[in-house]
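Engineer: Taken in sequence, the protein lines are chains A and B. In this text, residue positions in the first sequence follow full-length UniProt numbering: the first is 1, and each later residue adds one. In this text, residue positions in the second sequence follow full-length UniProt numbering: the first is 1, and each later residue adds one.
Hints in this document: simulated from the structure, not taken from any laboratory. Just so you know, not all the hints are guaranteed correct.
Chain B regions said to be covered by chain A (calculated; three or more residues, Cβ under 8 Å) [as the list claims (entries may be wrong)]:
hint	region
1	168–182
2	185–195
3	269–280
Which residues of chain B face chain A? A partial, calculated answer using Cβ under 10 Å [claimed, not checked]:
hint	residue
4	V198
5	P201
6	G202
7	L204
Backbone N, C-alpha and C fix where the C-beta goes; we use that ideal spot for every residue, glycine too.
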Amino acid sequence: MSLLQVDKLGVTYPGQSQPALHQVSLSLARDELLVALGPSGCGKSTLLGVLAGFIAPSQGRVLFAGQPVTAPGVERAVVFQHDALLPWLNVHDNVAFGLKLQGADAAARERIVADTLRLVGLADVATKRTWQLSGGMRQRVGIARALASRSQVLLLDEPFGALDAFTREQMQQLLLRVWQQSQRGVFLITHDIEEALFLATELVLMSPGPGRIVQRLRPTFNQRYRAGEDVRAIKSDPAFIALRESLLHSLFRQGHEEAA
Amino acid sequence: MSTSPTTLIAVPDSLDTGTPPAPAGRRWQPQATHWAALSIAGLLLSWWALTASGLIAPLFLPPPQAVLARFGELLAGSYMDATLPQHLLASLQRMLLALLAAVVVGIPLGIVIGVFPLARHLLDPVIEFYRPLPPLAYLPLIVIWFGIGEASKVLLIFLAILAPVLIATAHGVASVSPLRQQAALSLGASRWQLLRHVILPGALPEIITGVRIGLGAGWSTLVAAELIAATRGLGFMIQSAAQFLVTDVVVLGIIVIALVAFALELGLRRLQQRLTPWHGQPH
Ligand SMILES: Nc1ncnc2c1ncn2[C@@H]1O[C@H](COP(=O)(O)OP(=O)(O)OP(=O)(O)O)[C@@H](O)[C@H]1O
Ligand SMILES: [Mg+2]
Chain A
1 MSLLQVDKLG VTYPGQSQPA LHQVSLSLAR DELLVALGPS GCGKSTLLGV
51 LAGFIAPSQG RVLFAGQPVT APGVERAVVF QHDALLPWLN VHDNVAFGLK
101 LQGADAAARE RIVADTLRLV GLADVATKRT WQLSGGMRQR VGIARALASR
151 SQVLLLDEPF GALDAFTREQ MQQLLLRVWQ QSQRGVFLIT HDIEEALFLA
201 TELVLMSPGP GRIVQRLRPT FNQRYRAGED VRAIKSDPAF IALRESLLHS
251 LFRQGHEEAA
Chain B
1 MSTSPTTLIA VPDSLDTGTP PAPAGRRWQP QATHWAALSI AGLLLSWWAL
51 TASGLIAPLF LPPPQAVLAR FGELLAGSYM DATLPQHLLA SLQRMLLALL
101 AAVVVGIPLG IVIGVFPLAR HLLDPVIEFY RPLPPLAYLP LIVIWFGIGE
151 ASKVLLIFLA ILAPVLIATA HGVASVSPLR QQAALSLGAS RWQLLRHVIL
201 PGALPEIITG VRIGLGAGWS TLVAAELIAA TRGLGFMIQS AAQFLVTDVV
251 VLGIIVIALV AFALELGLRR LQQRLTPWHG QPH
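Kindly generate the complete structure, drawing on both the sequences and the hints.
Structural biologist: Okay, structure coming up:
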């Protein structure tokens with residue numbers, strides 16, 4: 001059963017003539033990792049904003065477990081590229097923040113926070129402040145915070161966009177591990193084609209003017225990784241490269257149509 | 001690059017980005033405080049040289065030793081019926097009372113202005129109307145309305161501190177990262193929790209900066225405030241001395257105000273570092 005259901009969603013910002021999103025339909029199940037890939041301005045963040053309940057749809061609807069989404073809710077946790085952690089709290093308290101707000105029982109909270117910190121490999125830096133961490137560690141705190149909350153879906157907006165290639169690859173593997181172990185649906189935004197192909201169980205390619213879905217894929221590389229295959233072997237597999245080039249080609253064609 | 005032009009793949013030693021910095025502590029390096037001390041020493045020395053040369057009459061600029069002697073004398077002895085510590089205490093009381101009031105009024109009001117656009121639209125003209133006015137311009141009105149008692153003096157200083165505290169608080173609150181707020185909302189924060197746990201701590205560095213600026217503005221109106229029928233206070237002491245051309249007391253008063261203001265500023269800077277160590281860090 002799908003957790004999140006998006007039907008013919010349209011969003012037009014006030015004062016804009018062209019919609020930011022047009023006729024977008026999607027669904028996300030608990031065991032899925034849905035990736036939205038597309039160039040800047042194609043409406044990815046707008047889509048995430050609607051799923052999270054920050055932006056109201058102009059057309060269509062968004063359902064979570066059958067109920068219309070009208071406001072932010074704890075079942076849909078977000079992770080942004082940066083700026084979203086609380087620098088006056090240490091790593092542990094940042095991760096505990098959601099449960100604290102929700103008034104969770106202290107003992108249960110401590111157990112969940114400790115488990116989550118271990119899952120993302122942050123147990124050793126629990127007492128550090130977030131601004132004392134590297135960029136990759138900070139993103140792990142963001143993911144841990146979203147996991148520790150009572151979320152059922154994680155919504156990630158270019159979470160690894162500001163990281164170097166090496167850290168980015170490590171984080172992709174960490175995300176797969178987290179996704180597998182935590183039993184959450186994941187919606188991830190990226191403009192990195194390799195990242196999208198490697199992570200997605202379901203991939204939508206978006207295009208701007210108006211923002212819409214132009215292609216849907218079901219890559220299988222994520223399964224191969226989970227079955228034990230090496231990352232570099234997967235990413236240099238001819239099948240992976242062929243898909244990557246085909247997506248790149250689609251993106252460039254979009255660019256040309258845009259310019260014409 | 002130390003590699004030869006024909007090397008296409010860098011060998012490990014060419015990855016070395018340069019020699020490591022020389023070990024610290026070998027050579028003495030002047031620090032910020034040393035430069036500051038040098039600057040002050042230079043100022044004092046030129047002051048002394050100018051007065052010792054006899055180029056300037058003591059009436060215009062008394063020598064440092066005369067001011068120092070005055071300082072010693074006024075520690076116990078009185079000028080205008082009060083000792084220097086008593087003058088200082090009177091002024092400090094006014095300043096701190098005004099500061100306290102400005103913080104108690106300014107921070108909550110600044111939060112309201114920062115959170116509610118309507119409050120900003122309504123209050124912005126009022127603040128921007130009185131803020132640029134020189135305190136001496138509205139001093140007569142304050143005397144007419146509130147008399148010549150202690151309240152008027154404190155009110156004048158309060159108004160000077162209030163504007164920077166209000167503006168900094170409102171700006172700090174309004175510029176808390178929207179992503180941080182959205183993330184907190186999706187973790188289940190209520191509006192009150194958002195304010196308490198995200199917006200206020202996020203605005204704290206700016207609020208403290210506002211208080212620092214406000215305190216400076218407060219000191220600069222002290223003399224004006226003590227024009228109002230005061231019998232004690234550093235500002236009053238300076239004005240009285242000026243009327244009788246007792247220049248060394250004038251200079252002494254100026255130096256004491258500067259030192260006390262600087263000490264308070266240092267205290268606030270330290271507080272800011274303690275409370276908001278993330279300020280200025282990428283996070
Ligand atoms: N608050 C807003 N008001 C008006 N227009 C907006 C607003 N936010 C986004 N837009 C516009 O909507 C379109 C989609 O923006 P969005 O941020 O969703 O794109 P994106 O795919 O996330 O881009 P990027 O990859 O650069 O983050 C853009 O044309 C943008 O200019
Ligand atoms: Mg975006």
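Engineer: Hint by hint, say whether it matches the structure.
Structural biologist: Each hint tested on the structure:
no.: 1; hint: 168–182; verdict: holds (count 4)
no.: 2; hint: 185–195; verdict: holds (count 7)
no.: 3; hint: 269–280; verdict: holds (count 3)
no.: 4; hint: V198; verdict: holds (7 Å)
no.: 5; hint: P201; verdict: holds (5 Å)
no.: 6; hint: G202; verdict: holds (8 Å)
no.: 7; hint: L204; verdict: holds (8 Å)
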